[in-house]
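Hey, can you work out the whole structure from these sequences and the hints?
This is what each chain is made of:
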Amino acid sequence: MAFVGQKLIKQIQTTGLKATVAQRLDDAFTRFTAGLSWNDVRGILRGDPPPKPNPRVKPHTEGFWFHIRPTFYHEAVTTLYPTFRLGLLSALFFTFEIITGIFLMIFYTPSPTYAYGNMIDILTNVPFGKFMRDLHRLGAEAMVIVVTLHMVRTFVTGSYKKPRQFTWFTGVVLLIVTLFLSFSGYLLPWDQLAFWAVTIGTSMADAVPLIGPELNLLLRGAPDIGAGGLLRFYLFHVVLFPLIGVIFVAVHYYKVVRFGISLPPEMEPVGEDNARKVPPEKRVPFLPDILTNELMYAGVAFAVLAVSAATWYSAPLEHHADPLVTPNHTVAPWYFYWLQGLLKIPHMIPFLPTSIAVEVDRFFANVFGITPKVFWGVIVGPLMFLLLFVLPYIDPNPSRRYGDRKIMLSLGALFAAVIIYLSLAGIPTGVPITGFGYVGGDPASEVGQAFIPDEGVGPVRRLPYSQYVVGSFPINADPNTGSAGLDSLIRDIHNDMEARKVRPDPLGRRLSAEATGTLEVKQIQENLRQVIITINYTDEAGNPTQFKKYTFLHAGSGYAVE
Amino acid sequence: MSIIKKIITFRPSFTLRILTGLVSILILLSVCTFIGLSDRTRLNVRAAQFESRAIEAGAKVYYDQCARCHGANGEGVEGLGPGLASEFFVGRIELVRDEMQQQSIRVVVPSERLKQIGWTGSLRDYIIAVTESGIPVKTSNVWDVNHPTFGERYGGPLRGDQIRDVASFIVNYGLNPLPNDQAILPPAPGEGQAARPTPVPLTPEQEAGKQVYLAQGCAACHAIRGVGAQGAIGPNMNRMGAVAAERIASDDYKSKIQGQPPATTPEEYIRQSILYPNAYIVPQCPQGPCQANLMPRNYAQVIPPQDLDNLVAYLASLK
Ligand code: HEM
Numbered sequence: 289m290a291f292v293g294q295k296l297i298k299q300i301q302t303t304g305l306k307a308t309v310a311q312r313l314d315d316a317f318t319r320f321t322a323g324l325s326w327n328d329v330r331g332i333l334r335g336d337p338p339p340k341p342n343p344r345v346k347p348h349t350e351g352f353w354f355h356i357r358p359t360f361y362h363e364a365v366t367t368l369y370p371t372f373r374l375g376l377l378s379a380l381f382f383t384f385e386i387i388t389g390i391f392l393m394i395f396y397t398p399s400p401t402y403a404y405g406n407m408i409d410i411l412t413n414v415p416f417g418k419f420m421r422d423l424h425r426l427g428a429e430a431m432v433i434v435v436t437l438h439m440v441r442t443f444v445t446g447s448y449k450k451p452r453q454f455t456w457f458t459g460v461v462l463l464i465v466t467l468f469l470s471f472s473g474y475l476l477p478w479d480q481l482a483f484w485a486v487t488i489g490t491s492m493a494d495a496v497p498l499i500g501p502e503l504n505l506l507l508r509g510a511p512d513i514g515a516g517g518l519l520r521f522y523l524f525h526v527v528l529f530p531l532i533g534v535i536f537v538a539v540h541y542y543k544v545v546r547f548g549i550s551l552p553p554e555m556e557p558v559g560e561d562n563a564r565k566v567p568p569e570k571r572v573p574f575l576p577d578i579l580t581n582e583l584m585y586a587g588v589a590f591a592v593l594a595v596s597a598a599t600w601y602s603a604p605l606e607h608h609a610d611p612l613v614t615p616n617h618t619v620a621p622w623y624f625y626w627l628q629g630l631l632k633i634p635h636m637i638p639f640l641p642t643s644i645a646v647e648v649d650r651f652f653a654n655v656f657g658i659t660p661k662v663f664w665g666v667i668v669g670p671l672m673f674l675l676l677f678v679l680p681y682i683d684p685n686p687s688r689r690y691g692d693r694k695i696m697l698s699l700g701a702l703f704a705a706v707i708i709y710l711s712l713a714g715i716p717t718g719v720p721i722t723g724f725g726y727v728g729g730d731p732a733s734e735v736g737q738a739f740i741p742d743e744g745v746g747p748v749r750r751l752p753y754s755q756y757v758v759g760s761f762p763i764n765a766d767p768n769t770g771s772a773g774l775d776s777l778i779r780d781i782h783n784d785m786e787a788r789k790v791r792p793d794p795l796g797r798r799l800s801a802e803a804t805g806t807l808e809v810k811q812i813q814e815n816l817r818q819v820i821i822t823i824n825y826t827d828e829a830g831n832p833t834q835f836k837k838y839t840f841l842h843a844g845s846g847y848a849v850e
Numbered sequence: 113m114s115i116i117k118k119i120i121t122f123r124p125s126f127t128l129r130i131l132t133g134l135v136s137i138l139i140l141l142s143v144c145t146f147i148g149l150s151d152r153t154r155l156n157v158r159a160a161q162f163e164s165r166a167i168e169a170g171a172k173v174y175y176d177q178c179a180r181c182h183g184a185n186g187e188g189v190e191g192l193g194p195g196l197a198s199e200f201f202v203g204r205i206e207l208v209r210d211e212m213q214q215q216s217i218r219v220v221v222p223s224e225r226l227k228q229i230g231w232t233g234s235l236r237d238y239i240i241a242v243t244e245s246g247i248p249v250k251t252s253n254v255w256d257v258n259h260p261t262f263g264e265r266y267g268g269p270l271r272g273d274q275i276r277d278v279a280s281f282i283v284n285y286g287l288n289p290l291p292n293d294q295a296i297l298p299p300a301p302g303e304g305q306a307a308r309p310t311p312v313p314l315t316p317e318q319e320a321g322k323q324v325y326l327a328q329g330c331a332a333c334h335a336i337r338g339v340g341a342q343g344a345i346g347p348n349m350n351r352m353g354a355v356a357a358e359r360i361a362s363d364d365y366k367s368k369i370q371g372q373p374p375a376t377t378p379e380e381y382i383r384q385s386i387l388y389p390n391a392y393i394v395p396q397c398p399q400g401p402c403q404a405n406l407m408p409r410n411y412a413q414v415i416p417p418q419d420l421d422n423l424v425a426y427l428a429s430l431k
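Protein chains in written order, with the working numbering: chain W, 289 to 850; chain U, 113 to 431.
Heads up, some of the hints might be wrong.
Here are the computed lysine-lysine pairs in the DSS-like style, where the Cα-Cα straight-line distance is at most 27 Å [what the hints assert, rightly or not]:
(1) W:K836 / W:K810
(2) W:K340 / W:K570
(3) U:K117 / W:K694
(4) W:K810 / U:K172
(5) W:K694 / U:K118
Between beta-carbon pairs, the in silico distance windows are [to be verified]:
(6) U:E206 / W:N768: 33 to 39 Å
(7) U:P395 / W:L795: 41 to 47 Å
(8) U:E379 / W:E786: 51 to 57 Å
(9) W:T397 / U:S150: 23 to 29 Å
Not close to chain W: a few residues of chain U, all C-beta gaps over 12 Å, as computed [stated by the list, open to error]:
(10) L226
(11) A300
(12) A320
(13) G343
(14) I360
(15) A375
(16) P389
(17) Q418
Derived by calculation from the structure, the hints in this document are not laboratory data.
Glycine included, C-beta positions come from ideal geometry on N, C-alpha and C.
Here it is in structure tokens:
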């Protein structure tokens, strides 16, 4: 101690107090920035040209964070094209999810008894809770999009080719990690949406040949999703997948720096990678140009997310999970629609005449013991990822030029089209025009589902409580209930029913022509009403049938504003 | 084409980068500030919304599970369960909202029932406790049943959140409770013992009839006190002999009977009701007006004549 003090006193004696303090502060600052003094930073912020020798490369050799970044980029990759900064955005979203995720973690217990209540607490009792939840959910969905687009761009620019095959390979791992992160998070709110989407998802594991039941048990911790499954998904979501993600981002990014970001294909001699041979006049220094560019991207991305979460975006929370009640039209999360679409392919070999296709199916079922569902969902689905993994190793074309890659680019477009088609088939309404993938009950129950969906809001709940009038009203073209809102709701139901009488659904079913409906509103309590839709129709077998669906509506439930 | 080319080869200048970055951070900070300032009120609004939705969900649980014993309007069902919407049970409440939009319940008239049994917690907690785990000690035999234990932990069908929802629903009756004379009130602890007539010993025929009653599944729809019959689809048969006499004397019966000659004795009425249920539809069932075609119409083929005689004798003896 005495020694340090002596030196300090000596310095003050020789240079004066003010200069000593200034110099000591600057020392500390330089240590913090790993090599840049206050004046250096000021120069950077003012846009001064770098002095010689250039102190701005020091952080790259001295400090960890800059040492993992290159000291300069090739000028050609600093415009929007060719990277569109999608890799950077993927990394930013990943970080963003970790930050918002840690916030949510504080208020969450992975147990069926508490999870749903915790979600309601986050929404009603935690300052910034809803904001953080919306941000986390929106960020997760945006991340899936951004990572996919990043893959599309590296495919289109041919950046997966030699020497970057392994970069692409680790990228596919990251794509899977991203999807699984999103999917495992889906279950955590423990609402109906989550529970059934994940039940569908994990039931695919059950169909895997040979090890299916064991795999399923491993995932769910029990034959059905319950406390064990929730805890496992939670641990996947907050430990396993983030860990794999961090490790693979590190490997992925090491490869990117090692080979340099590939130049636009037209700037590269065919088959010869020149990304690391950057002539001095083409170098754009990391400090300050690339860094400020990235900070700008981060700022804009986070601001867009925050404004979205504060305005139009609201993460859904349905009813509490109930293993005994399967809501109509349960779906997987949208990024797995394509998988659900695959599951709907009826035969092992599509497009054959039905009689032959059935024979083929029987043959496979008898000889290999696999059904079309298992074949398409469990074998073909994962094979698509396998195709992605091996793509750079089987593509024989050394050229990255667009003109030389017409076949590969067409195949890529075809692949994308198939995925989009399958995704459309995956949702309950099916593909427009062809109707492939349509699932729906009889037309009367579809009227019920359209107006009082099992989960989600729907027109009946969206009409405010005050717009309802107690009584029983026939559903017809000009209702006269004394309430404009209720009249227009009844008209809508009428129109929907009429449309279903004329236009058959993709399975060829119509609502019988003489079908009639009533809408009944009952007062249950002072501020609670029951709305009942009843439809009398004739079913396909010609029997008079009644369909009934109801919901309760409280004066303060506020669906109208959602 | 050249526009696209311009966009994708765009390289923002240093100043533009700094400016855009600063503006974004400013937007980010103002969104956070805005949310920080307004979150209190919005949290409260949302809390009220979720409480409303809990009441909606509770209503569904109530009609699925409780209405058969506690009535479609919470008025109670004779012999099966007391009213829960009565002012005696729920008291009277008001909803108040303060300027922070915080919603709370003000108890205007507290529940007399809680006072009577000496429950020191809140009404909500009492409802949750009874629903979850039943009434552990039977204090009165006016009810034929012990309270079912609905909680999952006690082997019942309801999860904790569903029980909390149904409690919210019942408490909500307090905004406009039923007057006490329109609901069935529970007896005070220790009372109600006398409300039950001492059972008259059955003759061997009547005893045989009781066994037919149980064996033929009548109990699934018709309750009879003290014999383990708890159905609540058709009217209860607690006083069937007396009720039959009242029915044949009523104008409603005389005007509505169809396809069969009007019965002249209680025994005839009961026999007719079993063999031709649609000849006369009873006006009131536990869950609203009685429906035709509910009761099976094939007992003439199913029940042997001797058994039928015994069954009629048994039901006619209940007075
Ligand atoms: C969490 C996910 C991911 C992160 C954080 C990430 C990050 C990055 C970054 C920062 C770059 C630098 C160049 C750029 O910004 O475009 C890059 C390049 C690259 N990424 Fe990714 N990436 C991810 C997923 C993927 C996926 C799913 C693929 C493909 C299947 C992929 C394949 C590549 C390839 C081939 C390159 C080299 C591009 C070139 O050199 O031009 N990455 N990645």
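How the hints compare with the structure:
1. W:K836 / W:K810: 14 Å, holds
2. W:K340 / W:K570: Holds, at about 18 Å.
3. U:K117 / W:K694: 21 Å, holds
4. W:K810 / U:K172: Given that 27 Å is the threshold and the Cα spacing comes to 14 Å, the pair holds.
5. W:K694 / U:K118: 25 Å, holds
6. U:E206 / W:N768: 33 to 39 Å: 35 Å, holds
7. U:P395 / W:L795: 41 to 47 Å: 44 Å Cβ-Cβ, so the 41 to 47 Å window holds.
8. U:E379 / W:E786: 51 to 57 Å: 55 Å, holds
9. W:T397 / U:S150: 23 to 29 Å: 28 Å, holds
10. L226: Holds, since 20 Å exceeds 12 Å.
11. A300: 27 Å, holds
12. A320: 41 Å, holds
13. G343: 23 Å, holds
14. I360: The assertion about I360 of chain U holds, with a minimum of 34 Å to chain W.
15. A375: For A375 of chain U, whose nearest Cβ neighbour in chain W is about 33 Å away, the distance exceeds 12 Å, so it holds.
16. P389: Its Cβ never comes within 12 Å of chain W, the nearest being 21 Å, so this holds.
17. Q418: 39 Å, holds
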